[in-house]
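Novice: Chains as they are written, first to last, in the numbering used here: chain G, 240 to 671; chain D, 240 to 671.
It is worth saying that the hints were derived from the structure and are not from the lab. Remember, predicted model here, so these are calculated numbers, not experimental data. A hint or two may mislead.
Any copy, or any two copies together, can satisfy a pair, since identical chains are not distinguished.
Calculated pairs, DSS-like style, for lysine-lysine (alpha carbon to alpha carbon, straight line, at most 30 angstroms) [said to hold, decoys possible]:
hint, residue 1, residue 2
1, Lys289, Lys313
2, Lys655, Lys322
3, Lys313, Lys280
4, Lys654, Lys280
5, Lys654, Lys322
6, Lys655, Lys280
Now for the letters of each chain:
Number of protein chains: 2
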Amino acid sequence: MKDLHEIAGRSRQSFYQISVSDINSRNAALLRLAELLVQEKSLIFEENQKDYALAETEQLSLPLLHRLTFGEEKLQQVVLGLKALASIEDPLNHTLVSTEITEGLNLYKVTSPIGVIGVIFESRPDALIQIASLCIKSGNSVLLKGGREALGTNHALAALVRQALSDSGLPADSAQLLETREDVTEMLKEDALIDLIIPRGSNSFVRYIMDHSRIPVLGHSDGICHVFIDEYANPDMALKVAVDSKVQNVSVCNAMETLLVHEHMAPLFLPRFFTELSDRNVEVRGDAAACRIIPCKPASDIDWSTEYLDYILSVKVVSSLQEAIDHINRYGSHHTDCIVTDNQQNASVFLKMVDSAGVYWNVSTRFADGFVYGLGAEVGIATGKLHARGPMGLEGLTTYKYMLLGSGQTMDDMKKGIRSYTHIRLDEDCPV
Amino acid sequence: MKDLHEIAGRSRQSFYQISVSDINSRNAALLRLAELLVQEKSLIFEENQKDYALAETEQLSLPLLHRLTFGEEKLQQVVLGLKALASIEDPLNHTLVSTEITEGLNLYKVTSPIGVIGVIFESRPDALIQIASLCIKSGNSVLLKGGREALGTNHALAALVRQALSDSGLPADSAQLLETREDVTEMLKEDALIDLIIPRGSNSFVRYIMDHSRIPVLGHSDGICHVFIDEYANPDMALKVAVDSKVQNVSVCNAMETLLVHEHMAPLFLPRFFTELSDRNVEVRGDAAACRIIPCKPASDIDWSTEYLDYILSVKVVSSLQEAIDHINRYGSHHTDCIVTDNQQNASVFLKMVDSAGVYWNVSTRFADGFVYGLGAEVGIATGKLHARGPMGLEGLTTYKYMLLGSGQTMDDMKKGIRSYTHIRLDEDCPV
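I would like the entire structure built from these sequences, with the hints used as guidance.
Specialist: In structure tokens, the structure reads:
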């Protein structure tokens, strides 16, 4: 077990350095990392093969083994990602608002990094590079805890991240690797040194983190996504969107778990949809009305709030748009929910009333992703409502400061009326 | 004790209504409330006088009694505040970013309300109107818990808020009053129904709330504000800013608690400053170097991290700008900190490296306030770094949704290369 207090302390010191670093140094570190990854690829692949061999003997599932693999293809993706990230403009030191408060006293709201961020991620080793590079670009320090299965690969990758930082004149300790669950437990206690925890993983895991730390947590607990087929849906489009939302990849958080269909559309839509699902071996669990139209197992109340991540779908027939919205707000996880309809009024009501990070009209729920949204990459998808919502990229890794530049103004003068508030919007950048 | 689960449930239902309401209804409610307050002022004043009489028999302190008072002057302020708030543009349904993802598929990031917000505030009854009106304007539901001393006044005010909502076609239950500490304890359990708690009060109180709820908390724990007199400070300005920061009002969170002074400036500055403080009966606690220059009690380590809210000041002599910054980042509360200097380079380093919501150059810390910043009003001052930082007004009460408007796009088509990502910035408002 590591001394997490000491590690977090070094993270904090490094944060103060990287937070004021030039964007050129931060970009240089990203490009240097891309170089180092290519240079040292045989070492990385070797470590990854050892991890893989061990995981095989431990009989990890095929999808897990697949996620663990870090070969030439993943390397190329990661290198491209780093170059793309280096070309994006600096997310720091942007003046968001500027206001003259009184004569000679100007207020600037300026973007700044958050601080020390602990990220706990799953077995994909490429996630380490993605997360570390987003934190470097945004001037934050990061504590990285990856999956146990990928430890050797993560060690090799983290060493290169640290070398890239040093080579670019930035503190290597702004990226540090944690190794064990005990490290995570200890990290959760360091609320005076760590500003944010981003856990990626199961619902119960995220809950555990939230219940065991005073550090703010941004994570997604569950992805219970819905598609609602409105009575005014185009049936062909409905079929396409619903099938893609369910089966394009069943094991991801933005896959559909519950289909809602208007009672006027159900007799036409459900039999066609059922045929498509049967062809793909999807088990259907329906409410009484659905079971009268298509052969399916009866759904229990638990089904409506279950994230299957599997070839299972729950189906409910609703009598109105409002019933669909109420069901989603009650049972959903505020991740991503879609309406298929040709009626703009119904779409508008759905988009406004459904209380989710992503509200979609006529498009598969599978589009909920940071790259797809054009954010470059994502550190995670937030289902809470504060700070960041949905796919969380560079912007989610920044906060702001109010910089107030005066010339000796006192509140005493203001209260006595010697000066008065002007509150003129300036639209200028902070000059210091 | 109230049934908080039932109350929070009604808050949530009301949220779904007020969240989609027209801005005209929300503004009408604010103006109607201003009318009702004037109409019913004798009733309010009567209730307030009862509260005051009881508080006197309970021997509340004079400052507390003063805060409790709600008379003609407060009423006029509150009415003016409501009219000003009604004239501000709608914080909801703004498109922040718009992007074409692929042909016929557009993404809009649109501002939306947060949901159900629980606010716990101190004895000032005018705070009830301020908080409730900010929540109405921003389309949120609010659960209000004020100081026990002001219960009668708060009852009268909350009834008018609810009447103003009804009279404007909005759900009265989007503003509900809680009465007891037990109500607060019960409220903290309703994490499935409540989205945010904003506690105003002591550091230990805010900590208590954070430790006893899964609901996200935005609050300020402490206001340990610093003024640093740099070696390049203008001595007259330094004196003005330091005196105002300390004594203009000692009992508020943005008052200075620790003065840091560069060793080259200390022999000149401290004696003059000490004279000013002595005239105002401020007790000074200094480090060894300060005590060699002016007569003062020795400061202990606890002094550096104490929010006195009183006529007491701790003073430390530092040998460099960096030492001042390190002291502030270590002992401060990330609220508001100021440098007095004529050296722009030093100011720039200070503003960038000090990790606080407000970083000031040559101006009193007393300016940290939502009204002063031009935010209209504030629900509180956030010393955390996520979501909202510093004085938190209307913007802090909103979040955003991603609205994705398509025409049947599937991820399957994207993966097969039938369509490709365009990621064109649109700069247009969401059309639905």
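Novice: Each of the hints needs a verdict: does it hold here or not?
Specialist: Going down the list of hints, with the structure as the test:
In the homo-oligomer, the alpha carbons of lysine 289 and lysine 313 lie at most 30 angstroms apart inside one protomer (17 angstroms), although the nearest pairing across protomers, at 72 angstroms, exceeds that limit. Taking identical chains as interchangeable, the C-alpha atoms of lysine 655 and lysine 322 lie at most 30 angstroms apart only when they sit on different chains, with a minimum of 24 angstroms there against 56 angstroms within one chain. In this homomeric assembly, lysine 313 and lysine 280 come within 30 angstroms of each other (Cα to Cα) only inside a single copy, at 11 angstroms, whereas the closest approach across copies is 70 angstroms. Taking identical chains as interchangeable, the C-alpha atoms of lysine 654 and lysine 280 lie at most 30 angstroms apart only when they sit on different chains, with a minimum of 27 angstroms there against 66 angstroms within one chain.
In this assembly of identical chains, lysine 654 and lysine 322 lie within 30 angstroms of each other by CA distance solely across copies; the values are 22 angstroms between and 54 angstroms within a copy. Taking the closest pair of Cα atoms, lysine 655 and lysine 280 come within 30 angstroms of each other only across two copies (29 angstroms); inside a single copy the shortest separation is 69 angstroms, beyond that limit.
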